[in-house]
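> Spelled out, the chains give:
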Amino acid sequence: MTRRRKLSPFVRSQARGSAREGAGHWWRERVTAVALIPLTLWFFASIIAHSGSDYSAVIAWLRMPSSTLMMVLLLIALFYHTALGLQIIIDDYVHSARKVPALIIMRLGCLALAAAGTFAVLRIVIRG
Amino acid sequence: MRGSTQVKYGPKSPNIQIYRPQLTSVLSIANRISGVVTSVGAVGLVLWLLAAAAGPDTYAFALWLLSFLLGQIGLLIFTFFFFLHLCGGIRHLIWDAVYGFDLSTIYASGWVVVAASVVLTGAAWIVFAVS
Chain U
1 MTRRRKLSPF VRSQARGSAR EGAGHWWRER VTAVALIPLT LWFFASIIAH
51 SGSDYSAVIA WLRMPSSTLM MVLLLIALFY HTALGLQIII DDYVHSARKV
101 PALIIMRLGC LALAAAGTFA VLRIVIRG
Chain G
1 MRGSTQVKYG PKSPNIQIYR PQLTSVLSIA NRISGVVTSV GAVGLVLWLL
51 AAAAGPDTYA FALWLLSFLL GQIGLLIFTF FFFLHLCGGI RHLIWDAVYG
101 FDLSTIYASG WVVVAASVVL TGAAWIVFAV S
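So the sequence lines, in the order shown, correspond to chains U and G. Using our numbering, the first residue of the first sequence is number 1, and each one after it goes up by one. Using our numbering, the first residue of the second sequence is number 1, and each one after it goes up by one.
Don't take every hint at face value.
Partial selection, computed: residues in chain G whose CB lies under 8 Å from chain U [to be verified]:
# : residue
1 : V46
2 : L50
3 : L86
4 : R91
5 : L93
Just so you know, these hints were derived from the structure itself, not from any lab. Don't be surprised by glycine CBs; every beta carbon is placed ideally from N, CA and C.
Working from the sequences, and respecting the hints, build out all of it.
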């Protein structure tokens with residue numbers, strides 16, 4: 001404890017509060033949010049454009065390089081943003097010993113969903 | 001009340017039980033709720049992609065499930081809450097850029113978010129139904 005008092009207030013603050021990780025979390029949430037504006041609008045526009053399309057037309061659309069890229073970027077940004085948002089909700093409402101397991105399950109779930117979606121897109125591209 | 005648990009612990013901030021709901025507070029919690037609802041919709045997006053990857057039969061089955069009233073209502077709810085989260089999120093990004101903080105602008109932008117979410121949901125569904 002005596003050693004700790006020798007640290008300057010600035011250095012002590014480095015590992016605490018928003019100086020620890022809050023600002024980084026806030027910033028990543030904004031960056032993914034900005035990315036999701038064009039990505040989600042592209043997705044909605046594409047879905048509406050393909051509302052009357054059959055299976056082969058939807059597959060042909062997903063196989064276009066631009067669509068494949070946009071869909072994978074959407075999945076990454078979407079589940080990154082989802083994980084950041086759900087983390088805040090768990091931080092705010094879960095105060096018991098369940099908090100850490102809840103955070104782990106939530107993060108692994110988001111990772112698994114992004115991976116599953118990317119896998120599905122790549123499978124469509126490779127198999128045709 | 002002296003000595004009772006009420007006095008000992010006191011009410012917890014921000015006393016939402018006794019606070020009159022306002023557009024600002026309702027939209028604040030709506031942004032969080034719409035984020036959670038959109039997360040559920042994101043799971044649906046992955047299931048839709050997996051169904052498409054599995055083949056035409058599985059894809060047709062997925063669309064068949066969505067064709068029921070419950071599926072259509074679910075899609076409508078996801079669409080509305082997505083647009084609510086999108087518009088509310090853009091409002092937050094504008095605040096992050098330190099714009100629109102006086103009270104009249106906060107209320108105006110709040111009603112713009114509500115109106116834009118309803119209009120965008122309606123427009124998306126009308127265009128979807130027509131095409």
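> Give a verdict on every hint.
Hints, verified against the model:
Checking V46(G) against chain U: minimum C-beta separation of about 4 Å stays under 8 Å; hint holds. For L50(G), the interface hint holds, since its Cβ comes within 8 Å of a Cβ in chain U; the closest pair sits about 5 Å apart. For the restraint placing L86(G) at the interface with chain U, the shortest Cβ-Cβ distance is roughly 7 Å, inside the 8 Å limit, so the hint holds. For R91(G), the shortest C-beta to C-beta distance to chain U is roughly 11 Å, which exceeds 8 Å, and the interface hint is violated.
Hint status for L93(G): holds, given a least beta-carbon distance of 7 Å to chain U, under 8 Å.
In the structure shown, a violation is registered for the earlier hint numbered 4 alone.
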